[in-house]
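Chains as they are written, first to last, in the numbering used here: chain F, 56 to 476; chain P, 882 to 1182.
Quick caveat, the hints were computed from the structure, so don't treat them as lab data. Virtual Cβ for every residue (Gly too), placed ideally from N, Cα, C. A few of these clues could be false.
[What the hints assert, rightly or not] According to the in silico footprint, chain P covers these stretches of chain F (three or more CB under 8 angstroms from chain P):
#, segment
1, 105-118
2, 234-242
3, 328-342
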Amino acid sequence: MYRKGVTALAVSAALGLPYPAGAQMPIQTGTPRGESAFNPGISLILNGTYANLSQDPTGFKINGFVPTLGEVGPPNRGLSLGESELTFSGSIDPYFRGTAIVALTPENEAEIEEAYVQTLGLSYGFIAKAGRFFSGVGYLNEIHAHAWDFTDAPLANKVFLGGQLGDDGIQLKWVAPTPFYLDIGVEASRGLHFTSGPDGGRNKNGTGSGVFFTHVGGDLGTSTAWQAGLSYLSTSALDRSYDDTDSAGALVTNSFSGKSRLWAVSGVLKWAPNRNPTYTNFKLQGEYFRRRENGDLTFDTAAATAGGTQTGGYSSTQSGLYLQGVHQFLPQWRVGYRYDRLDAGTTAIGLVDSGTLTAADFPILAAYNPTRNTVMVDWSGSEFSRVRLQFAQDKSRADVTDKQVFLQYIMSLGAHGGHKF
Amino acid sequence: MKTIVKLVAALGLASLALPSAAAIAIFACEPEWGALAQELAGDKASVYSATTALQDVHRVEARPSLIARVRSADLLVCTGAELEIGWLPLLLTQSANTRIQPGSTGYLEASQFVPKLDIPKVVDRALGDVHPSGNPHIHLDPRNVARVADALAERLVQLDPGNADAYKARANSFRERWRAATSRWEKEAARLKGVPVVVYHKDMSYFINWAGMREAGSLEPKPGLPATPSHLAELVEKMKREPAKAVIYSAYNSPRAAEFLSERAKIPSVMLPYTVGGTDKAKDLFGLFDDMIGRLLAAVK
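Throw the hints in and build the complete structure from the sequences for me.
Written out as structure tokens, the structure reads:
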């Protein structure tokens, strides 16, 4: 019945007639004209940190876990500028939308954080995305750091996703026509960073990394909304290398090649009385990751030690989680607490089991369960400015506790970004 | 090939199946447009309002259940003028629904059909939460509701030509009842002419303009910023020099700042429904204006 009308109108829309003939004409006020009328939305995020750390951040490591080579360490001691994020986004035509986010690093380099196109016009609830983008694995990974509730990433995101996993690839997502929220998505990507291999990706046709995710969400009563997610990241790592010191104290480079499979379960719950978050609201968020890896571990790839390069089997099952709560107790003021815990689980190193080398030759992989407790308080002048004070007791390193104090500002100017759930 | 066609057809049917294949699914961003859609579409549509009168429409979460609703909507009726800028764009992109994207027949922005107040000459965030296209709280002028009703009725006919006669009949009936009510409200509100009031946020401007009242101050130091002690102290001083008749706020505002000023300046504070559902009497658009006017008359008598 009315579907027929919809089709006819869809045709007229496709022909560039925004309002079918005879329709009530809108009143135009203040519409920009000329070349700039089609400029994309531009926004700029500025942030900076003062860090007071009881341990030297250059020696940062997370014991029990393979180093990820990403930007996982705390910021520099003292005053430092964070990454300035420049975002461009807009519709390309009636079929596509484009977004580019360039991070200008304090080292005066420009990095493409995200640059992707996504479809506007696929039917039946499908959205396709192509380019470089933050993977949909887990919950926090897709959210930009400036929108995080704490200054730094959870430990689990650091060890399992290298801080934040962005990759060159494609994503297909389907939103189900259900009365509650349900989506299912898949990603195929290059495998540009950890956990796939060395930075830059592998010299190989096909794809290096695959992700599956699904989310469900809905409301509980008139004040609470929730979302839960399940995701799976599978990759065949090739020459994923990291540095360590052997039992003699010599610096060695080791490398892993094999299968890496990561499961992530995430949940978010937001409460605001009558859904009005202006005066008070609460957000509970948590994620659990579990990773299994098996393949070959090569000791000393550069043959810097007397024994030279040696390869043996490797398998590990490791997990980690974080749970955090953030409470806005007054307009503009929030407090938050986060608990981090990693479980180094079981790691079997063939070269150690066979007696060729000892566990002391792989000190960073020695079993250790890192933990961290973090509290923060922040003040938001408006939705465009935030100043945060954060304290953490970080036990990422075996035997030492890093007492961290961060004072941070995050400000945004330009186009109004959306508040993702 | 046949199986693919069947599969696609099945998927298509599945997407039509919710909430009911017979009715147009209307997603209203605000309760006032939900109420208007209900008036105009009756049982030919299922109407869902994304927000309530107890929510500040500037601050709404693009929560999963809203994405699910937009996913299955045939028509979106929203205010526009950047009122929903923090959440509607996310709903539009994440819902993957082509029928309701901007520019399509299934997307109606009410503010495009009315002349807007407070169009800023300078757009700068130092001035607070300013809307470059003008004040978006357009529904509190009954003449604007009539304008949007005309546009919405036309859109319903385009979307569902099979029920065109029913929509036209409902629109005519609404138009007539609204015209009668508007002239009654004009008479009742005559006593409000020239009455100075302090507002919480600039969300009452269209009502104030329509009733010929005067805005004597705002509890927010700048649009969107919470009241500060120093700003409230200034207002108290100002009230000594040129007293207002009342301080008004909306159902979604905390009454604290208004009560503070009310006590110090010895003027009544009045909670107004602002939109449908804001008070018990504001059950529909007619009740909304009845109660807005009734509460103001009672306060400034």
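These are the hints, each one checked on the structure:
Residues of the segment 105-118 of chain F with a Cβ under 8 angstroms from some Cβ of chain P number 0, which does not satisfy the need for three, so the listed coverage is violated. For the segment 234-242 of chain F, the stated coverage by chain P holds: 4 residues have a C-beta nearer than 8 angstroms to a C-beta of that chain, and at least 3 were required. Counting residues of the segment 328-342 of chain F whose CB lies closer than 8 angstroms to any CB of chain P gives 6, which reaches the minimum of 3, so the coverage claim holds.
Going through the hint list in order, the structure does not satisfy hint 1, though it satisfies all others.
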